[in-house]
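Visitor: One letter stands for each residue in the lines below.
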Amino acid sequence: MDFEVTGARIFARIPTGIPFLGDFPITETLVVSWIVMAIITITCIVLTRNLRIENISKRQAFAEMLVETANNFVRSNTGGTRFDKLIPFVAALFATSVISNLISLIGLRSPTADLSTEAAWAIVVFIMITSTKIKAGGIGGYLKSFTQPIAVLTPFNILSELATPVSMACRHFGNILSGVVIDGLIYAALALASGALFGLLPGAVGDFLSKIPILAVGVPAVTGVYFDWFSGCMQAFIFSMLTIMYIANAAEE
Amino acid sequence: MGTQDLVTIVPWTFIAQICNLFIQMYLIKRFLFKPIGEILEKRKALADKEIREARESRAQADQLKDQYETSLADAHQEAARIISDAQREAQAKADELVQEAEQTATNLRKRAAADIEQERRRAINEAKDEIGGLAMDIAGKVVEKELNESDHRRLIDDFITRVGAAS
Numbered sequence: 001m002d003f004e005v006t007g008a009r010i011f012a013r014i015p016t017g018i019p020f021l022g023d024f025p026i027t028e029t030l031v032v033s034w035i036v037m038a039i040i041t042i043t044c045i046v047l048t049r050n051l052r053i054e055n056i057s058k059r060q061a062f063a064e065m066l067v068e069t070a071n072n073f074v075r076s077n078t079g080g081t082r083f084d085k086l087i088p089f090v091a092a093l094f095a096t097s098v099i100s101n102l103i104s105l106i107g108l109r110s111p112t113a114d115l116s117t118e119a120a121w122a123i124v125v126f127i128m129i130t131s132t133k134i135k136a137g138g139i140g141g142y143l144k145s146f147t148q149p150i151a152v153l154t155p156f157n158i159l160s161e162l163a164t165p166v167s168m169a170c171r172h173f174g175n176i177l178s179g180v181v182i183d184g185l186i187y188a189a190l191a192l193a194s195g196a197l198f199g200l201l202p203g204a205v206g207d208f209l210s211k212i213p214i215l216a217v218g219v220p221a222v223t224g225v226y227f228d229w230f231s232g233c234m235q236a237f238i239f240s241m242l243t244i245m246y247i248a249n250a251a252e253e
Numbered sequence: 254m255g256t257q258d259l260v261t262i263v264p265w266t267f268i269a270q271i272c273n274l275f276i277q278m279y280l281i282k283r284f285l286f287k288p289i290g291e292i293l294e295k296r297k298a299l300a301d302k303e304i305r306e307a308r309e310s311r312a313q314a315d316q317l318k319d320q321y322e323t324s325l326a327d328a329h330q331e332a333a334r335i336i337s338d339a340q341r342e343a344q345a346k347a348d349e350l351v352q353e354a355e356q357t358a359t360n361l362r363k364r365a366a367a368d369i370e371q372e373r374r375r376a377i378n379e380a381k382d383e384i385g386g387l388a389m390d391i392a393g394k395v396v397e398k399e400l401n402e403s404d405h406r407r408l409i410d411d412f413i414t415r416v417g418a419a420s
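So the sequences go chain by chain: A and B.
Counting along the first sequence from 1, when you hit position 144 you're at 144 in my numbering, and nothing is skipped either side.
Each number in my numbering corresponds to the 1-based position in the second sequence with 253 added.
Just so you know, the hints here were simulated from the structure itself, not pulled from any lab data.
Note that the structure is a prediction, hence the values are computed from the model and not measured.
Straight-line C-alpha distance at most 30 Å; calculated DSS-like pairs for lysine-lysine:
id, chain 1, residue 1, chain 2, residue 2
1, B, K282, B, K297
2, B, K302, A, K58
3, B, K287, A, K135
4, B, K394, B, K381
5, A, K58, B, K287
Distance ranges between label pairs, derived from CB positions:
id, chain 1, residue 1, chain 2, residue 2, range
6, A, P149, B, I262, 32 to 38 Å
7, A, V222, B, I268, 37 to 43 Å
8, A, V217, B, I268, 39 to 45 Å
9, B, R308, A, R49, 33 to 39 Å
10, A, L108, B, P264, 22 to 28 Å
11, B, I268, A, P149, 36 to 42 Å
Only some residues are given here: those of chain A computed to face chain B with a beta carbon under 7 Å:
id, residue
12, G7
13, R9
14, L21
15, F24
16, S33
17, L51
18, A119
For glycine and all other residues, C-beta sits at the position ideal for the given N, C-alpha and C.
All chains should be modelled from the sequences, with the hints used to inform the complete structure.
Guide: Now the structure itself:
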């Protein structure tokens with residue numbers, strides 16, 4: 001039995017003629033990302049239909065709760081309303097991450113199982129951190145902060161600065177990819193096991209049943225609670241939390 | 254249809270995902286945060302307005318209460334004043350009536366006294382005339398001498414005066 005974990009499929013290539021970047025590949029990652037965006041946006045639109053001031057519906061209460069949660073999340077982690085501009089960004093990051101992670105439950109490939117996605121997010125966060133630092137301390141203060149506490153540490157400081165986006169991207173990607181790999185392994189192992197188990201039955205019945213991975217019904221749902229649900233939500237939360245903390249810290253320096 | 258490597262960064266996907274993130278941010282802002290923020294703002298404004306109105310109407314009610322209390326006190330004072338006025342007036346009227354009655358009584362008494370006096374005088378004069386006539390008749394008969402009328406009268410008067418003085 002072969003078992004293989006592959007990268008995202010490439011559906012089409014649009015020739016761009018731009019050197020270095022090459023053709024634009026329409027990958028599974030992008031397509032599923034658009035589906036995720038559509039889901040989030042449609043949910044937002046549905047939740048905010050018929051808004052009323054008094055006597056609100058459960059739908060509206062839920063939408064208000066989401067907004068309040070996002071506000072509280074950012075405000076409690078930054079200790080004030082200074083970073084209110086970041087709330088939609090963090091909310092978008094969290095929502096996209098969560099939905100991307102969980103969309104694997106309906107059989108689609110998570111966009112977050114592609115390092116390009118996390119790298120893109122981490123770079124955006126890194127640029128925000130850096131610009132916040134420069135805004136807080138000026139360009140001189142920013143450069144000087146690398147030589148603190150002593151000049152010898154400069155290479156290490158640069159390394160640690162660069163490690164931030166790399167670690168953020170790789171942490172998220174690694175967790176989701178491990179979920180994909182383990183889910184794949186479990187499915188493959190269960191198919192193998194049920195094949196072996198029902199192959200014990202004699203005659204044509206055994207041949208027929210052994211081809212159906214009967215054991216794959218049910219068991220992955222249990223393991224999926226951790227590898228898909230918990231890990232998916234946790235990584236989204238960690239990524240958003242780190243974004244907020246890094247930016248808040250950057251402003252304090 | 255090929256697949257990309259399992260762990261790789263595809264430049265175009267990378268760029269597209271950055272754009273997607275910002276588009277998603279805009280969409281969430283536009284379709285979730287903006288309407289909900291507006292509605293929360295409106296609700297806050299409404300609550301503030303209601304509190305303010307309640308406060309205003311309470312102030313108004315307090316003012317009205319004060320006004321009523323003041324006017325009630327005024328009314329009490331007015332009533333007391335009217336009563337005391339009425340009492341004073343009644344007293345004055347009573348006094349006046351008593352005085353008038355006394356006056357009338359005094360007048361009556363005076364007039365009665367005057368009448369009595371007048372009556373006495375008239376009786377005295379009549380008696381005088383009677384006595385004079387009688388005396389003249391008696392004297393005429395006694396003296397048989399006709400005195401002239403005026404001497405006669407004078408003599409009688411002298412007599413009466415002397416009689417009056419003697420009595």
